[in-house]
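As given, the protein sequences belong to chains A and B, one line each in that order. Sequential numbering from 1 applies to the first sequence in the working numbering. Sequential numbering from 1001 applies to the second sequence in the working numbering.
Simulated from the structure, these hints should not be mistaken for lab results. Warning: the hint list may mix true and false statements.
[Stated by the list, open to error] Subject to a maximum C-alpha distance of 20 Å in a straight line, what follows is the list of computed PhoX-like cross-link-like pairs (lysine-lysine): (1) B:K1068 <-> B:K1043; (2) A:K122 <-> B:K1043; (3) A:K122 <-> B:K1068; (4) A:K173 <-> B:K1043; (5) A:K173 <-> B:K1068; (6) B:K1043 <-> A:K216.
[As the list claims (entries may be wrong)] To be clear about the criterion: a stretch of chain A counts as covered by chain B if any three or more of its residues have a C-beta under 8 Å from a C-beta of chain B, and this derived list gives those stretches: (7) 5-12; (8) 168-180.
[What the hints assert, rightly or not] Over 12 Å on every C-beta distance to chain A, these chain B residues come out as not near it, computed from the model: (9) M1001; (10) R1003; (11) L1006; (12) L1011; (13) E1026; (14) G1033; (15) D1065; (16) W1066; (17) V1072; (18) E1079; (19) P1083; (20) P1085; (21) E1087; (22) A1092; (23) T1098; (24) E1100.
Yeah, the Cβ is synthetic: ideal placement off N, Cα and C, and Gly gets one too.
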Amino acid sequence: MSRLFFREALALAMAEEMERDARVILLGQDIAEHGGSYGETRGLVERFGAARVRNTPVAEEATVGIAAGAAAAGLRPVAFITYFDFLMLGLDPLVNYAAKLRFKSAGQLSAPLVVKTTAGAKGQGPTHAQALESWLMGVPGLTVVAPSTAGDAYGLLKTSIRSEGPVVYIDHKRLFPLGGEVLAGDLVPFGAAAVRREGRHATVVAYSYMSVLALKAAEVLAKEGIEVEVIDLRSLWPIDWGTLESSARRTGHVLLVEEGQTACGVGAELGFRLRELVPDARVARLGALRAPVAASPALESGVIPDASAIADAVRALARHSQHSRRGVTS
Amino acid sequence: MIRRLLIPLQLGEDVEVRVLLWYKVEGDPIADGDALVELETDKAIILVTAKQAGTLRRCFTAAGDWLKVGQVAAWVSDEAGEPLPAERTAPAEELLATFETT
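Chain A extracted, bound-state conformation (with noise of 0.2 Å):
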């Protein structure tokens, strides 16, 4: 166990990866020499060479084709897109070629693809700072992570590159900041969520970044006698309904944490199959304004939840409840 910075989690799951299997390859813009938009694949392309570790121009179409055409043929390319917004360019061979490929062809082939890519805000204005994520979800045939520790991004990623793909992998630029016991080897698996604090009065379900500010919410949140269950998804598809739905049973109130939009976003889907699993449970959701995610601080702030919309989110949920123990429904 030793403690990393997320790009040296991402550095060292790559680097072990390319070591185990010579099919991996990776693409993108500024990966080689320069080294990755956060550091993170420094020092590769001088350990594995410039046939693996190979820099991309601006043209994410392109890179995420070719990315699926390649892993198609036999590779295991991991396509490194810088934001998440450009995603939108590479959409159609991710969606319409590598995620149907398993399907169109009756299981013969498969595009073992990774598409790592960054999503949320810290500063970076209204195309360059979204949180998508939920656009993915519903794509049959496409795995979804998104972790918010270096050790799950570490493992996550590590997991992807040994699946059969298509996977997108979703880092959060408001990580790369922190540090995190990373266990060498330590492969976490798709479709299932981690625990990272337990309590009895409530739910909040996050992911990524969200899961930071969860935490922190649930620390204030003890301080006030409130004890909350922090669900950290890590996989947005598949689900681990089994952890969701167990908690929402042991607590009642569930609280559902996204940094994008609530309208058919993460929370929307999980609070209706909640609903279905855990009729008496109570289910609130907690994303963005219905406004672009603005580059002023002040602005973006106050479009993204922080850790007090968290909380005070939690407190009206707590307050409910008070309120239905008196007879009272709100």
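Given the coordinates of chain A, assemble chain B onto it according to the supplied hints.
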């Protein structure tokens, strides 16, 4: 007077740093302009330089350790023998220092 070397909040909320190298050990005299320690963030190496004289009395971290913004990295006293506070978090004046990206 005891002064504390703080990891500056200006690095950003939640930011963590790794201690790479101490240029001084506990008990060393410090002159204005002396390099104290090198820190690593996810983006850069930061050289911390003292901007006043004193004595390095306590290093709370060794090379390889991690600190968060707002944490106390070290205590420096104006006079070599001044008594130290009991708690690392005890309030104290901040050591004048520069944090330069190298």
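So, going through the hints one by one against the coordinates:
no., hint, verdict
1, B:K1068 <-> B:K1043, "15 Å, holds"
2, A:K122 <-> B:K1043, "15 Å, holds"
3, A:K122 <-> B:K1068, "19 Å, holds"
4, A:K173 <-> B:K1043, "12 Å, holds"
5, A:K173 <-> B:K1068, "18 Å, holds"
6, B:K1043 <-> A:K216, "24 Å, violated"
7, 5-12, "holds (count 3)"
8, 168-180, "holds (count 5)"
9, M1001, "32 Å, holds"
10, R1003, "26 Å, holds"
11, L1006, "17 Å, holds"
12, L1011, "8 Å, violated"
13, E1026, "24 Å, holds"
14, G1033, "29 Å, holds"
15, D1065, "9 Å, violated"
16, W1066, "5 Å, violated"
17, V1072, "18 Å, holds"
18, E1079, "36 Å, holds"
19, P1083, "33 Å, holds"
20, P1085, "26 Å, holds"
21, E1087, "21 Å, holds"
22, A1092, "26 Å, holds"
23, T1098, "21 Å, holds"
24, E1100, "18 Å, holds"
Of the numbered hints stated above, those contradicted by the structure are hints 6, 12, 15 and 16, listed in ascending order.
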